[in-house]
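Line by line, the protein sequences are chains A and Y.
So the number in this note's numbering is just where the residue sits in the first sequence, counting from 1, plus 31.
So the number in this note's numbering is just where the residue sits in the second sequence, counting from 1, plus 31.
Treat the hints with caution; some may be incorrect.
Unchecked claim - Computed footprint of chain Y on chain A, listed as stretches where at least three residues anywhere in the stretch have a Cβ under 8 Å from a Cβ of chain Y: (1) 55-65; (2) 124-134; (3) 195-202; (4) 241-248; (5) 277-287.
Said to hold, decoys possible - Now the in silico label distances, taken between C-beta atoms and shown as ranges: (6) Ser289/Y with Ala256/A: 28 to 34 Å; (7) Gln365/A with Pro332/Y: 55 to 61 Å; (8) Arg97/A with Phe122/Y: 30 to 36 Å.
Said to hold, decoys possible - If we take Cβ atoms under 8 Å as the criterion, some of the chain Y residues that face chain A in the derived model are: (9) Arg73; (10) Ser76; (11) Ala123; (12) Gly191; (13) Thr200; (14) Pro246; (15) Gln285; (16) Glu288; (17) Ala291; (18) Trp302; (19) Asp305.
Rather than coming from a laboratory, the hints here were simulated on the basis of the structure.
Remember, it's a predicted structure, so these values are computed and weren't measured experimentally.
We treat Cβ as the ideally placed atom computed from N, Cα and C, and that holds for glycine.
2 protein chains.
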Amino acid sequence: MARPKNDTFLRALLRQPVDYTPVWLMRQAGRYLPEYCETRKRAGSFLSLCKNPRLACEVTLQPLARYNLDAAILFSDILTVPDAMGLGLYFAEGEGPKFERPLREEWAIRDLAAPDPHAHLRYVMDAVSEIRRALDGTVPLIGFSGSPFTLACYMVEGGGSEDFRTVKTMLFDRPDLLHRILDVTARAVADYLNAQIESGAQAVMIFDTWGGALPGWAYQEFSLAYLRRIVDELIRERDGERVPVIAFTKGGGQWLESIAAIGVDAVGLDWTTDLGEARRRIGDRVALQGNLDPVALFASPEGVARETRRVLESFGAHGPHSGHVFNLGHGISQFTPPERVSVLVDTVHQFSRRFHGGAPAPAGSD
Amino acid sequence: MARPKNDTFLRALLRQPVDYTPVWLMRQAGRYLPEYCETRKRAGSFLSLCKNPRLACEVTLQPLARYNLDAAILFSDILTVPDAMGLGLYFAEGEGPKFERPLREEWAIRDLAAPDPHAHLRYVMDAVSEIRRALDGTVPLIGFSGSPFTLACYMVEGGGSEDFRTVKTMLFDRPDLLHRILDVTARAVADYLNAQIESGAQAVMIFDTWGGALPGWAYQEFSLAYLRRIVDELIRERDGERVPVIAFTKGGGQWLESIAAIGVDAVGLDWTTDLGEARRRIGDRVALQGNLDPVALFASPEGVARETRRVLESFGAHGPHSGHVFNLGHGISQFTPPERVSVLVDTVHQFSRRFHGGAPAPAGSD
């Protein structure tokens with residue numbers, strides 16, 4: 032397994048020189064694409080789509096057919112892991128994910144066990160292998176998982192929540208129980224990501240969607256500590272190639288230094304954090320990924336191009352050991368006009384060249 | 032108008048020595064109190080309650096009758112200002128605030144004008160006067176307003192929003208129109224707060240609930256710049272007493288230094304920011320207000336006491352020019368058990384004494 036023909040994404044994550052800034056988008060295979068909606072309809076439901084390797088492969092490739100993206104990301108859902116733990120994932124129409132058996136009783140928490148990903152999440156591994164075959168060495172494939180705290184939010188709440196009252200009450204009153212859930216879930220996530228790497232994922236990303244809802248001290252103890260443990264256990268080299276790891280805590284802008292210190296190759300940033308400021312804070316240790324406001328894709332084509340350039344400018348001229356992967360600061364909205372994504376991708380590729388190659392960027396030019 | 036008998040809150044905001052840390056809670060007069068629900072039922076609706084000075088005074092005083100709070104805050108809604116601008120505020124059952132006439136057309140934005148608060152928001156000024164009379168010099172009364180950007184979010188979206196797509200699209204495509212709205216709204220907010228001060232408010236707070244949803248550069252340009260303009264125009268002394276100003280941007284933890292630089296006396300913090308860290312960053316310039324996670328009030332009484340102590344400990348021992356006002360990091364939840372608030376208030380008053388008076392706090396004691 033050699034490097035893909037286009038390895039710009041992997042090089043940027045490893046802070047190696049590149050000619051332009053690579054780009055992919057969180058949730059790039061999704062509902063804003065009519066062809067995705069068509070495949071999903073054929074699958075019958077979102078969950079059947081996730082569990083069908085052939086269709087998961089099909090939707091993974093759809094955005095790459097439309098746009099000149101520098102990476103593919105496995106199509107799946109972060110809640111497949113708790114589903115494999117037996118919680119009974121389902122999607123109520125218009126209500127988001129739910130669990131039939133939320134984790135609240137002490138006995139159920141004591142009984143919780145990490146699933147064998149090769150057995151209980153076989154469909155994910157099959158999708159990874161199938162996507163790798165279909166990509167045929169063009170661009171790298173990203174595997175992913177939710178963070179233990181983010182998964183625990185859904186597992187304890189039984190679905191989405193506005194204030195995470197149930198899981199936070201457990202945190203305050205029975206931290207031992209929450210730690211038990213996080214401990215098992217961290218084991219499960221490490222095994223799951225390693226299985227994805229063994230099946231062909233060339234980089235992995237951990238999505239900590241809800242860690243930013245915690246007080247700072249609790250973020251360290253209940254989210255970041257488990258991210259660190261996972262990173263420690265990941266396969267970091269496969270077939271002679273480094274497998275980069277990206278950690279993304281939405282709302283984690285206050286904690287960048289501590290996120291950069293857990294051993295990851297790159298840190299994802301939401302759209303509130305200034306990239307230049309983040310680079311000054313942690314850019315000598317990790318690559319940065321992000322961070323256009325997803326809502327900027329609702330602007331006019333000129334507006335999309337301007338806001339895309341603004342993100343590239345905020346990172347600034349690259350040095351010999353800087354790394355930036357362009358992305359949104361959160362998943363793309365289902366209501367995004369698909370043609371705006373072309374503007375974004377083309378602007379990144381064209382405009383970013385001036386920031387690479389060692390020549391200083393002409394001030395104010397575009 | 033002398034200082035109130037209990038001026039601990041005002042002294043803490045001005046970073047003057049106090050014997051204990053004063054406490055009040057955002058949304059302390061609200062739905063978690065059965066007596067509030069009873070008065071609201073009598074008023075007929077939330078909006079009738081806001082617009083009836085006698086009943087607004089009644090609910091303002093209710094939490095003070097239950098708890099040993101160090102300040103009262105005017106009972107009102109941040110959307111009274113756009114309502115007075117003619118947008119037609121209403122509350123759809125279970126849906127939150129809505130406007131009959133959202134601000135989207137260029138002609139309507141050009142026609143927007145700041146209302147005379149003494150005429151169009153007379154009911155608020157009457158409530159302020161009535162509350163001051165009823166308080167009878169016991170504790171100070173806080174006046175408040177929403178920030179221009181936060182008000183603009185509701186005005187342009189026509190209600191609440193998950194992603195602020197309409198107002199942000201205006202920001203990206205027609206920043207001139209959004210600046211026009213913010214300009215008029217900043218004028219309206221400054222007039223409104225000054226009228227509250229003239230009617231008897233002894234401190235004022237500006238709630239920037241949605242500024243934290245912006246990219247950093249846009250926060251500076253579209254939210255903070257207008258906060259600064261308002262602060263510049265506020266009456267800062269009344270009857271020989273300083274009128275302190277508090278600014279609170281939810282999700283603004285990354286931008287504390289710039290918030291502290293706009294001329295406010297105090298900066299409000301949400302629960303994600305570590306108070307000790309905030310103190311190191313800006314505590315030499317402003318007082319800090321916050322920041323217990325509102326969800327901590329769902330913990331057991333022991334848990335509430337422990338988390339309350341944790342916040343006090345994170346601020347640490349007071350010096351001669353430090354200021355801390357205890358509060359939640361966001362408004363109290365309507366589902367909060369009222370008896371938990373007693374635990375919080377009593378813990379603040381008792382446990383905080385060791386941090387004042389110059390004596391170092393005994394390590395680890397409680």
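The hints, checked one at a time:
1. 55-65: Coverage by chain Y is violated for the region 55-65 of chain A (0 residues, Cβ < 8 Å).
2. 124-134: Violated, because only 0 residues of the region 124-134 of chain A bring their Cβ atoms closer than 8 Å to Cβ atoms of chain Y.
3. 195-202: holds (count 4)
4. 241-248: It holds: at least three residues are needed, and the region 241-248 of chain A offers 6 whose Cβ sits within less than 8 Å of chain Y.
5. 277-287: Per the Cβ count (3), the hint holds.
6. Ser289/Y with Ala256/A: 28 to 34 Å: 31 Å Cβ-Cβ, so the 28 to 34 Å window holds.
7. Gln365/A with Pro332/Y: 55 to 61 Å: Roughly 44 Å apart at Cβ, these two residues miss the hinted range, so it is violated.
8. Arg97/A with Phe122/Y: 30 to 36 Å: Distance hint for Arg97/A, Phe122/Y is violated at roughly 43 Å.
9. Arg73: violated (29 Å)
10. Ser76: At 23 Å from the nearest chain A Cβ, Ser76/Y fails the 8 Å test, so the hint is violated.
11. Ala123: At about 18 Å, which exceeds the 8 Å cut-off, the nearest Cβ of chain A leaves the hint on Ala123/Y violated.
12. Gly191: violated (12 Å)
13. Thr200: holds (5 Å)
14. Pro246: Hint on Pro246/Y: holds, closest Cβ of chain A at ~5 Å, below 8 Å.
15. Gln285: holds (5 Å)
16. Glu288: violated (11 Å)
17. Ala291: At about 15 Å, which exceeds the 8 Å cut-off, the nearest Cβ of chain A leaves the hint on Ala291/Y violated.
18. Trp302: holds (5 Å)
19. Asp305: holds (4 Å)
Checked against the numbered hints above, the structure breaks hints 1, 2, 7, 8, 9, 10, 11, 12, 16, 17 and satisfies the rest.
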